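Undergrad: Sequence:
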Amino acid sequence: MLSERRLEVLRAIVQDYVGTEEPVGSKALTERHRLGVSPATVRNDMAVLEDEGFIAQPHTSAGRIPTDKGYRLFVDKLAGVKPLSSPERRAIQNFLDGAVDLDDVVGRTVRLLAQLTRQVAVVQYPSLTRSTVRHVELLALAPARLMLVLITDTGRVEQRLIDCQAPFGETSLADLRARLNSRVVGRRFADVPQLVQDLPESFEQDDRGTVSTVLSVLLETLVEETEERLMIGGTANLTRFGHDFPLTIRPVLEALEEHVVMLKLLGEAGDSGMTVRIGHENAHEGLASTSVVTVGYGSGDEAVAKLGVVGPTRMDYPGTMGAVRAVARYVGQILAES
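Residue 330 in the numbering used here sits at position 330 of the sequence shown, and the numbers go up by one each step.
Treat the hints loosely; a few may be bogus.
[As the list claims (entries may be wrong)] Each computed BS3-like pair below joins lysine-lysine, with the alpha-carbon atoms no more than 27 Å apart:
(1) 77 x 27
(2) 82 x 69
(3) 69 x 27
(4) 69 x 264
Since the hints were made in silico from the structure, they are not lab data.
Remember, it's a predicted structure, so these values are computed and weren't measured experimentally.
Input sequences plus hints: build the corresponding full structure.
TA: Right, dumping it as structure tokens:
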């Protein structure tokens, strides 16, 4: 365990290095921060921090920089995240309130996060597996052709065309629509198969084939593998931090292009609380020089997806965490009201 004074020295080193991009020396620390001790004591504290792997000397200068371990301790000991100003909060709300549908919400969220943090923003679409059914609509396009529209509690809309074995009358269609909604509205997707399995038997023999076909398409929609989608924005922000990445930013760009990698990364993060993965804590080799800050968002107490940012380990952690949390909160409110 580090003493509180050495923690203060580490905090000061992190803050100065993030702000100046320059290795931090003991003289600069005592001049910029009220540490209440002599430069000699600070030098001694820095030697201990270096011995224990919290800071390192990048070259022969007197300055030190935080290591992944140092950033980790800094984040773990954060008293709180940096709150956004009232103008920033109003700007977030105004920008997101203009969204017209789920795709627009996700697109605006990505742009907003990238602008606020000046990092790469990653937003996962709400997962169907965590959603509930808001409404199922059935429309007759032709005597033997229907359209199924599934609307989720997160505002996601899925449409499917259904070719029936025989013509299906408007009365039967209205009956199926009503019975289907009475069973599944407000219920979790995982519960739907069991809730509708005996539905065909409640219809006339001539209609059972069509009812079974409709239910089959509905259940396929619920379990589609293509549901896991995300949107990434602000990749150009990485060019501002070229010197923060060893040799080249190419491995980071390649990792970001692999959406499977990013979805796995989001999946490994905590369900709704803030997760910060620093440097080599990221399992994918291409992200070993980055930090990833993520949080869950949703229309209620449970997260339906995650969003966050990717940037260099030399990151304004309190500010970034504050922005990510605030945006997630507003997106959740929009989903709840949509």
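Undergrad: Evaluate each hint against the coordinates.
TA: How the hints compare with the structure:
1. Of the pairs offered as hints, the one joining residue 77 and residue 27 holds, with about 24 Å between alpha carbons and a cut-off of 27 Å not exceeded.
2. With a C-alpha separation of about 22 Å, the suggested pair residue 82 and residue 69 falls inside the 27 Å cut-off, and the hint holds.
3. With a CA separation close to 23 Å, the supplied pair residue 69 and residue 27 stays within the 27 Å bound.
4. Proposed proximity of residue 69 and residue 264 is supported: the alpha carbons are some 23 Å apart, at most 27 Å.
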